[in-house]
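Line order of the protein sequences matches chains A and B.
Using my numbering, read the first sequence as starting at 1 and increasing by one per residue.
Using my numbering, read the second sequence as starting at 1001 and increasing by one per residue.
There's no promise every hint is true.
Stated by the list, open to error - Here chain B is said to cover these stretches of chain A; the calculated rule only asks that three of the stretch's residues, wherever they fall, bring their Cβ under 8 Å from a Cβ of chain B:
1. 17 to 31
2. 42 to 55
To be verified - Straight-line distance between alpha carbons at most 27 Å, and here's what the computed DSSO-like set of lysine-lysine pairs gives:
3. A:Lys57 - B:Lys1163
4. A:Lys52 - B:Lys1048
5. A:Lys52 - B:Lys1087
6. A:Lys52 - B:Lys1100
7. B:Lys1147 - A:Lys52
8. B:Lys1163 - B:Lys1147
9. B:Lys1085 - A:Lys57
10. B:Lys1163 - B:Lys1048
11. B:Lys1177 - A:Lys59
12. B:Lys1183 - B:Lys1205
13. B:Lys1087 - A:Lys23
Unchecked claim - Computed Cβ-Cβ distance ranges for the label pairs, DEER-style:
14. B:Val1098 - A:Asp63: 16 to 26 Å
15. A:Asp60 - B:Arg1082: 30 to 40 Å
16. A:Gly35 - B:Gln1171: 57 to 67 Å
17. B:Phe1094 - A:Lys52: 53 to 63 Å
18. B:Lys1118 - A:Ala61: 48 to 58 Å
19. A:Ala64 - B:Thr1189: 41 to 51 Å
20. B:Glu1217 - A:Arg28: 46 to 56 Å
21. B:Arg1082 - A:Gly35: 14 to 24 Å
Hints were generated in silico from the structure; no laboratory data involved.
No residue lacks a Cβ here, since even glycine has one placed at the ideal position from N, Cα and C.
As a plain string of letters, each chain reads:
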Amino acid sequence: MIDIVGKVALLVIDLFVQNAQRKEEIARRVMASIGKWDREALQSAELRDMFKRIEQKAKDARDARPT
Amino acid sequence: MKVFGIKLSLVLLSGLGSFLIACQSMPTGPSISTKGLEATVSFTIDGKPYTGAATIQRKSNQKIQVNYPDGTKWGLFSTCHRVVKYKNPRSDSFWYYVPKMYLENVDSCIMLHKQIDKNGNPHYAIIDFTAGEQLLADVSCNGESAKQTGASLCQALAGTYQKISFDTPVQAYTDDKCDPPIKDSYFYTYKMTVGFCGYLFVDSKGETHRHTTYGYETLDLE
Chain A
1 MIDIVGKVAL
11 LVIDLFVQNA
21 QRKEEIARRV
31 MASIGKWDRE
41 ALQSAELRDM
51 FKRIEQKAKD
61 ARDARPT
Chain B
1001 MKVFGIKLSL
1011 VLLSGLGSFL
1021 IACQSMPTGP
1031 SISTKGLEAT
1041 VSFTIDGKPY
1051 TGAATIQRKS
1061 NQKIQVNYPD
1071 GTKWGLFSTC
1081 HRVVKYKNPR
1091 SDSFWYYVPK
1101 MYLENVDSCI
1111 MLHKQIDKNG
1121 NPHYAIIDFT
1131 AGEQLLADVS
1141 CNGESAKQTG
1151 ASLCQALAGT
1161 YQKISFDTPV
1171 QAYTDDKCDP
1181 PIKDSYFYTY
1191 KMTVGFCGYL
1201 FVDSKGETHR
1211 HTTYGYETLD
1221 LE
């Protein structure tokens, strides 16, 4: 009888601990992912800068070509 | 008393065992790097469906609806001009995107979407918009071929070879950090660089085709 009660009690505690750890892990991942977004969000502007540099290269090449 | 002690120890050990098993079964996600994850989120623009990455004809007002699975924690958007965030977005939420004049409606200004799912894992979508370019290209990307006017976007595994071809001779330009395109008559091949890269193709009349590439290192299998 004591065995069964003890096992059930431990399982219930395990479930609580497991659930709390799972929630904590998810919250940690969400925060880490949001933290990365600060940097990721700039990629559109950086790509625009890259195309500006490429356009300048194309313009320079065109200007250097003999007419 | 001794027997009771042994039994209690066994109970404690079984509890510890189940706890360790529970710890091992906690969700794990792929190792994410800023530029490394495949874009897989499905979305519609003015009702037309797309998955992962697409080039869209730019309009003055576009209804963007992203697929948010149940329990999504964040929906994030960014362009070259702004960042927009939605906490706990509903599955039917949408955004009327009105590009800002002289900022988002000119040149390259892709829209990045990141969503963080119920387990804290990120998923992405990339939307490229045309900006008045006119040159037609035949784009072979990740096993698919499509004719695209003015601008195109290719998403594929970094390190793989892709192809873009034109009806007329063109000059190709790219940035120093990108793999240089190799010319073979009217088509060019290039190797996918990790992250974003830009390629510009110009024909003899000065018409251009703006080609954006996104090379990922990690497949999004979730």
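To see whether the hints hold, each was checked on the structure:
no.	hint	in the structure
1	17 to 31	holds (count 10)
2	42 to 55	holds (count 13)
3	A:Lys57 - B:Lys1163	holds, 22 Å
4	A:Lys52 - B:Lys1048	violated, 30 Å
5	A:Lys52 - B:Lys1087	violated, 34 Å
6	A:Lys52 - B:Lys1100	holds, 19 Å
7	B:Lys1147 - A:Lys52	holds, 25 Å
8	B:Lys1163 - B:Lys1147	holds, 12 Å
9	B:Lys1085 - A:Lys57	violated, 36 Å
10	B:Lys1163 - B:Lys1048	holds, 26 Å
11	B:Lys1177 - A:Lys59	holds, 19 Å
12	B:Lys1183 - B:Lys1205	holds, 19 Å
13	B:Lys1087 - A:Lys23	holds, 17 Å
14	B:Val1098 - A:Asp63: 16 to 26 Å	violated, 37 Å
15	A:Asp60 - B:Arg1082: 30 to 40 Å	holds, 32 Å
16	A:Gly35 - B:Gln1171: 57 to 67 Å	violated, 41 Å
17	B:Phe1094 - A:Lys52: 53 to 63 Å	violated, 32 Å
18	B:Lys1118 - A:Ala61: 48 to 58 Å	holds, 51 Å
19	A:Ala64 - B:Thr1189: 41 to 51 Å	violated, 26 Å
20	B:Glu1217 - A:Arg28: 46 to 56 Å	violated, 23 Å
21	B:Arg1082 - A:Gly35: 14 to 24 Å	holds, 19 Å
In this structure, the earlier hints numbered 4, 5, 9, 14, 16, 17, 19 and 20 are contradicted, and the remaining ones agree with it.
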